[in-house]
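Letter 173 of the sequence shown, counting from 1, is numbered 173 in this note's numbering, and no numbers are missing.
To be clear, the hints were calculated from the coordinates, so they are not data collected in a lab.
Treat the hints with care, as some may be off.
What the hints assert, rightly or not - Derived DEER-like restraints, expressed as beta-carbon distance ranges:
# : residue 1 : residue 2 : range
1 : D193      : R147      : 32 to 42 angstroms
2 : G10       : D193      : 40 to 50 angstroms
3 : A106      : D81       : 21 to 31 angstroms
4 : L75       : S7        : 15 to 25 angstroms
5 : W100      : E142      : 17 to 27 angstroms
For glycine and all other residues, C-beta sits at the position ideal for the given N, C-alpha and C.
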Amino acid sequence: MPEGLTSRFGEALVYAALLHREQRRKGSGVPYVSHLLAVASLVIENDGDENQAIAALLHDAIEDQGGKKRRDEILRFFGEDVTEIVEGCTDSVADPKPPWRERKLAWIAAIDEKPASVLLVCAADKLHNARCILSDYRTVGEELWERFTGGREGTLWYYGALADALVRTGRTPLVDELVGVVSEIERLAGEHDSASTSDG
1 MPEGLTSRFG EALVYAALLH REQRRKGSGV PYVSHLLAVA SLVIENDGDE NQAIAALLHD
61 AIEDQGGKKR RDEILRFFGE DVTEIVEGCT DSVADPKPPW RERKLAWIAA IDEKPASVLL
121 VCAADKLHNA RCILSDYRTV GEELWERFTG GREGTLWYYG ALADALVRTG RTPLVDELVG
181 VVSEIERLAG EHDSASTSDG
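Taking the hints into account, I'd like the entire structure generated from these sequences.
Structure follows, in structure tokens:
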């Protein structure tokens with residue numbers, strides 16, 4: 001069982017909410033902090049410790065909210081362990097960022113070298129994203145893909161490759177659920193393709 005949370009977690013939550021206060025989830029308009037809370041909840045529910053839970057709240061802070069400057073701030077406020085996990089979840093600190101597919105390929109290629117502390121947070125992050133994609137796909141259909149930099153083809157490729165890479169690192173409840181959710185997204189996409197072919 002994980003140990004209880006301390007005031008550090010509350011401080012991280014306030015900090016994350018301030019960092020992402022102008023940010024919304026793609027398409028839905030839901031405040032971005034909802035995603036951060038969901039990822040932290042999954043980490044806590046899957047025996048993550050407080051550092052992992054804090055890193056879950058901050059997992060997009062370096063990538064989306066300031067790069068190296070933000071990284072140094074997280075190190076000062078929350079310590080080396082949290083910072084290393086957040087860095088492990090980050091696909092780029094460069095500004096401007098490298099092309100989308102290049103970043104994703106590099107991150108997936110490095111996944112086997114990531115420690116378990118990082119993999120737990122990453123799996124929770126990707127699972128919550130995949131759950132949201134599946135839910136929205138069922139609701140809005142193909143227009144969903146307009147929200148994503150990689151479009152339909154790139155997003156399907158990325159989540160499939162990501163799920164396969166996480167399986168290589170070891171099966172966990174989060175990884176197994178991610179595989180199932182990604183498979184369902186792919187099934188729905190295949191059904192749409194079949195329907196389009198028959199209509200044509």
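Consistency of the hints with the structure:
1. Between D193 and R147 the Cβ separation comes to about 19 angstroms, which falls outside the hinted range of 32 to 42 angstroms.
2. Distance hint for G10 and D193: a CB-CB separation of about 47 angstroms, consistent with the stated range 40 to 50 angstroms.
3. The given range of 21 to 31 angstroms is respected by A106 and D81, whose C-beta atoms sit roughly 24 angstroms from each other.
4. Taken as a hint, the range 15 to 25 angstroms holds for the pair L75 and S7, whose Cβ atoms sit roughly 19 angstroms apart.
5. The hinted window of 17 to 27 angstroms between W100 and E142 holds, with their beta carbons roughly 20 angstroms apart.
Checked against the numbered hints listed earlier, the structure breaks hint 1 alone; every other hint is satisfied.
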